[in-house]
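A.B. asks: Note that the protein sequences, when read in sequence, are chains B and F.
Quick note on the working numbering: the first sequence kicks off at 1 and runs consecutively.
Quick note on the working numbering: the second sequence kicks off at 1 and runs consecutively.
It should be emphasised that the hints constitute simulated quantities derived from the structure, not laboratory data.
The beta-carbon is built from N, C-alpha and C at its ideal position, and this holds for glycine as well.
It cannot be assumed that every hint is accurate.
Computed spacing ranges between beta-carbons, pair by pair [unchecked claim]: (1) B:D127 <-> F:E207: 23 to 33 Å; (2) F:T176 <-> B:A12: 52 to 62 Å; (3) F:F133 <-> B:N140: 45 to 55 Å; (4) F:H194 <-> B:T57: 40 to 50 Å; (5) B:E32 <-> F:A203: 41 to 51 Å; (6) F:N206 <-> B:P47: 42 to 52 Å.
Now the stretches of chain B that chain F is said to cover, found in silico as 3 or more residues with beta-carbon under 8 Å [as the list claims (entries may be wrong)]: (7) 4-11; (8) 27-39; (9) 50-57; (10) 98-106; (11) 115-128; (12) 135-148.
The list that follows gives simulated cross-link-like pairs (lysine-lysine, DSSO-like), each with its CA atoms no further than 27 Å apart [what the hints assert, rightly or not]: (13) B:K44 <-> B:K54; (14) B:K128 <-> F:K7; (15) B:K44 <-> F:K39; (16) B:K128 <-> F:K143; (17) F:K37 <-> B:K44; (18) F:K89 <-> F:K39; (19) B:K152 <-> B:K102; (20) B:K102 <-> F:K65; (21) F:K37 <-> F:K104; (22) F:K7 <-> B:K118; (23) B:K54 <-> B:K102; (24) B:K44 <-> F:K163; (25) B:K44 <-> B:K102; (26) B:K54 <-> F:K65; (27) B:K160 <-> B:K128; (28) F:K199 <-> B:K154; (29) F:K7 <-> F:K65; (30) B:K118 <-> B:K54; (31) B:K54 <-> F:K143; (32) F:K143 <-> B:K44; (33) B:K154 <-> B:K118; (34) B:K54 <-> B:K160; (35) F:K104 <-> F:K91; (36) B:K118 <-> F:K16; (37) F:K7 <-> F:K39; (38) B:K118 <-> B:K152; (39) F:K39 <-> F:K199; (40) B:K152 <-> F:K104.
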Amino acid sequence: MTQEEFVRQVQANEGIIQKICRLYGHTQPDREDLFQEIVVQLWKAVPTFRGQSKFSTWMYRVSLNTAISDFRKKKRTLPVSETEIDSVEIKSELSDVNEEEKLNTLYTAIGRLPEIDKAIVILYLEDKSYEEMEDILGINTNNLRVKMNRIKEKLRQLTKNISYGT
Amino acid sequence: MELDDMKNIWSDKPGKPAGAEKIATMLGRQSQSPIEKMKRNLRMELLIVIFCFGSVAAYYFIAFKSQYSIIGWTYALLLILFCWYFFRKNKLLNEMQCSSCQVKSNLELQLRTLERYVRFYLISGTAIIPVLFIFLGIVLYYKKPSLNRDTVFYPSETNPVWKFLLAWLILLTISTMIMWVLNRGYVNKLYGRHIRRLKQLLAQMNE
Numbered sequence: 001m002t003q004e005e006f007v008r009q010v011q012a013n014e015g016i017i018q019k020i021c022r023l024y025g026h027t028q029p030d031r032e033d034l035f036q037e038i039v040v041q042l043w044k045a046v047p048t049f050r051g052q053s054k055f056s057t058w059m060y061r062v063s064l065n066t067a068i069s070d071f072r073k074k075k076r077t078l079p080v081s082e083t084e085i086d087s088v089e090i091k092s093e094l095s096d097v098n099e100e101e102k103l104n105t106l107y108t109a110i111g112r113l114p115e116i117d118k119a120i121v122i123l124y125l126e127d128k129s130y131e132e133m134e135d136i137l138g139i140n141t142n143n144l145r146v147k148m149n150r151i152k153e154k155l156r157q158l159t160k161n162i163s164y165g166t
Numbered sequence: 001m002e003l004d005d006m007k008n009i010w011s012d013k014p015g016k017p018a019g020a021e022k023i024a025t026m027l028g029r030q031s032q033s034p035i036e037k038m039k040r041n042l043r044m045e046l047l048i049v050i051f052c053f054g055s056v057a058a059y060y061f062i063a064f065k066s067q068y069s070i071i072g073w074t075y076a077l078l079l080i081l082f083c084w085y086f087f088r089k090n091k092l093l094n095e096m097q098c099s100s101c102q103v104k105s106n107l108e109l110q111l112r113t114l115e116r117y118v119r120f121y122l123i124s125g126t127a128i129i130p131v132l133f134i135f136l137g138i139v140l141y142y143k144k145p146s147l148n149r150d151t152v153f154y155p156s157e158t159n160p161v162w163k164f165l166l167a168w169l170i171l172l173t174i175s176t177m178i179m180w181v182l183n184r185g186y187v188n189k190l191y192g193r194h195i196r197r198l199k200q201l202l203a204q205m206n207e
């Protein structure tokens with residue numbers, strides 16, 4: 001794969017990386033650093049992409065491995081509530097304010113989940129089948145279904161608490 | 001809020017696109033991952049060791065009309081041992097990550113390799129003590145087979161061989177044990193958090 005092809009593929013699938021950065025990076029500088037790190041790791045891992053799986057599947061694996069293994073001490077800026085950060089980022093993308101608020105709440109709630117649960121939810125919301133999720137994460141489909149039910153219940157509670165400001 | 005109802009809204013991108021030029025610029029930058037940083041630090045340490053040990057070895061070969069060339073050879077041998085040590089550590093670091101593997105396999109690989117790396121660091125960092133003792137002993141006794149005064153650390157008429165060997169053995173054992181404890185504390189400080197974190201992540205996957 002040439003550099004131009006790679007850049008085109010990354011641009012076509014940039015949403016994946018942005019969502020992962022959004023959920024695994026706690027501040028804007030962290031997200032920018034993580035975005036760059038994921039791109040660098042993807043480029044380094046290009047020789048391992050042999051076309052046996054979809055490019056997006058391969059990209060999920062590299063991106064999630066990079067985000068989950070990122071053990072650096074996070075940069076901290078002045079404390080800003082997560083809801084304020086969400087609003088600044090999401091506002092321009094959605095016209096429906098109600099949808100915007102729901103998405104902000106969802107991002108905040110997912111952000112409070114453990115690292116592995118975040119990965120499962122991202123893949124679920126990206127409409128990946130349980131077989132594809134197993135291919136990316138290495139967790140078997142039965143275990144994934146059980147986890148997903150628990151995560152849905154957790155998110156219901158979290159979104160309720162966030163809406164009530166707790 | 002039901003998760004399934006959020007799938008349509010979720011598909012919108014959460015931020016501004018980075019642009020082809022910005023992405024292309026990123027490709028030329030160094031990785032800031034912990035493993036890449038460790039590799040860079042290791043390369044720097046190796047260069048410093050080569051420079052320091054190489055300089056000292058060269059000095060003892062050239063100066064004093066090669067009278068102390070044995071010290072030069074000692075440093076040259078230690079340099080070879082250090083090179084092997086760095087090569088082994090670098091090999092372990094190269095094996096530590098497989099970013100295109102499944103997430104669970106990658107975490108298991110990282111944990112397994114990091115534990116091997118820590119074990120190697122601990123054992124070699126402690127073994128350096130007896131190795132240095134032996135080298136020091138060889139050089140010392142070669143250059144000065146006897147002293148003008150009595151000491152338990154040198155063989156003499158009043159100090160039999162078994163006594164001086166026992167004295168060195170005790171000193172060696174105490175030094176090695178102290179080094180082991182210090183190394184364990186240091187290694188735990190450097191890598192303990194990472195190992196615990198990896199175990200935690202794997203536990204989340206297996207729950």
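A.B. asks: Evaluate each hint against the coordinates.
C.D. replies: Against the structure, the hints:
{"no.": "1", "hint": "B:D127 <-> F:E207: 23 to 33 Å", "verdict": "24 Å, holds"}
{"no.": "2", "hint": "F:T176 <-> B:A12: 52 to 62 Å", "verdict": "58 Å, holds"}
{"no.": "3", "hint": "F:F133 <-> B:N140: 45 to 55 Å", "verdict": "53 Å, holds"}
{"no.": "4", "hint": "F:H194 <-> B:T57: 40 to 50 Å", "verdict": "27 Å, violated"}
{"no.": "5", "hint": "B:E32 <-> F:A203: 41 to 51 Å", "verdict": "30 Å, violated"}
{"no.": "6", "hint": "F:N206 <-> B:P47: 42 to 52 Å", "verdict": "31 Å, violated"}
{"no.": "7", "hint": "4-11", "verdict": "holds (count 5)"}
{"no.": "8", "hint": "27-39", "verdict": "holds (count 5)"}
{"no.": "9", "hint": "50-57", "verdict": "violated (count 0)"}
{"no.": "10", "hint": "98-106", "verdict": "holds (count 5)"}
{"no.": "11", "hint": "115-128", "verdict": "holds (count 9)"}
{"no.": "12", "hint": "135-148", "verdict": "holds (count 6)"}
{"no.": "13", "hint": "B:K44 <-> B:K54", "verdict": "18 Å, holds"}
{"no.": "14", "hint": "B:K128 <-> F:K7", "verdict": "11 Å, holds"}
{"no.": "15", "hint": "B:K44 <-> F:K39", "verdict": "15 Å, holds"}
{"no.": "16", "hint": "B:K128 <-> F:K143", "verdict": "74 Å, violated"}
{"no.": "17", "hint": "F:K37 <-> B:K44", "verdict": "15 Å, holds"}
{"no.": "18", "hint": "F:K89 <-> F:K39", "verdict": "9 Å, holds"}
{"no.": "19", "hint": "B:K152 <-> B:K102", "verdict": "15 Å, holds"}
{"no.": "20", "hint": "B:K102 <-> F:K65", "verdict": "83 Å, violated"}
{"no.": "21", "hint": "F:K37 <-> F:K104", "verdict": "23 Å, holds"}
{"no.": "22", "hint": "F:K7 <-> B:K118", "verdict": "15 Å, holds"}
{"no.": "23", "hint": "B:K54 <-> B:K102", "verdict": "31 Å, violated"}
{"no.": "24", "hint": "B:K44 <-> F:K163", "verdict": "60 Å, violated"}
{"no.": "25", "hint": "B:K44 <-> B:K102", "verdict": "37 Å, violated"}
{"no.": "26", "hint": "B:K54 <-> F:K65", "verdict": "69 Å, violated"}
{"no.": "27", "hint": "B:K160 <-> B:K128", "verdict": "26 Å, holds"}
{"no.": "28", "hint": "F:K199 <-> B:K154", "verdict": "23 Å, holds"}
{"no.": "29", "hint": "F:K7 <-> F:K65", "verdict": "81 Å, violated"}
{"no.": "30", "hint": "B:K118 <-> B:K54", "verdict": "22 Å, holds"}
{"no.": "31", "hint": "B:K54 <-> F:K143", "verdict": "69 Å, violated"}
{"no.": "32", "hint": "F:K143 <-> B:K44", "verdict": "54 Å, violated"}
{"no.": "33", "hint": "B:K154 <-> B:K118", "verdict": "12 Å, holds"}
{"no.": "34", "hint": "B:K54 <-> B:K160", "verdict": "37 Å, violated"}
{"no.": "35", "hint": "F:K104 <-> F:K91", "verdict": "22 Å, holds"}
{"no.": "36", "hint": "B:K118 <-> F:K16", "verdict": "22 Å, holds"}
{"no.": "37", "hint": "F:K7 <-> F:K39", "verdict": "41 Å, violated"}
{"no.": "38", "hint": "B:K118 <-> B:K152", "verdict": "11 Å, holds"}
{"no.": "39", "hint": "F:K39 <-> F:K199", "verdict": "23 Å, holds"}
{"no.": "40", "hint": "B:K152 <-> F:K104", "verdict": "22 Å, holds"}
Checked against the numbered hints given earlier, this structure breaks hints 4, 5, 6, 9, 16, 20, 23, 24, 25, 26, 29, 31, 32, 34 and 37; the rest are met.
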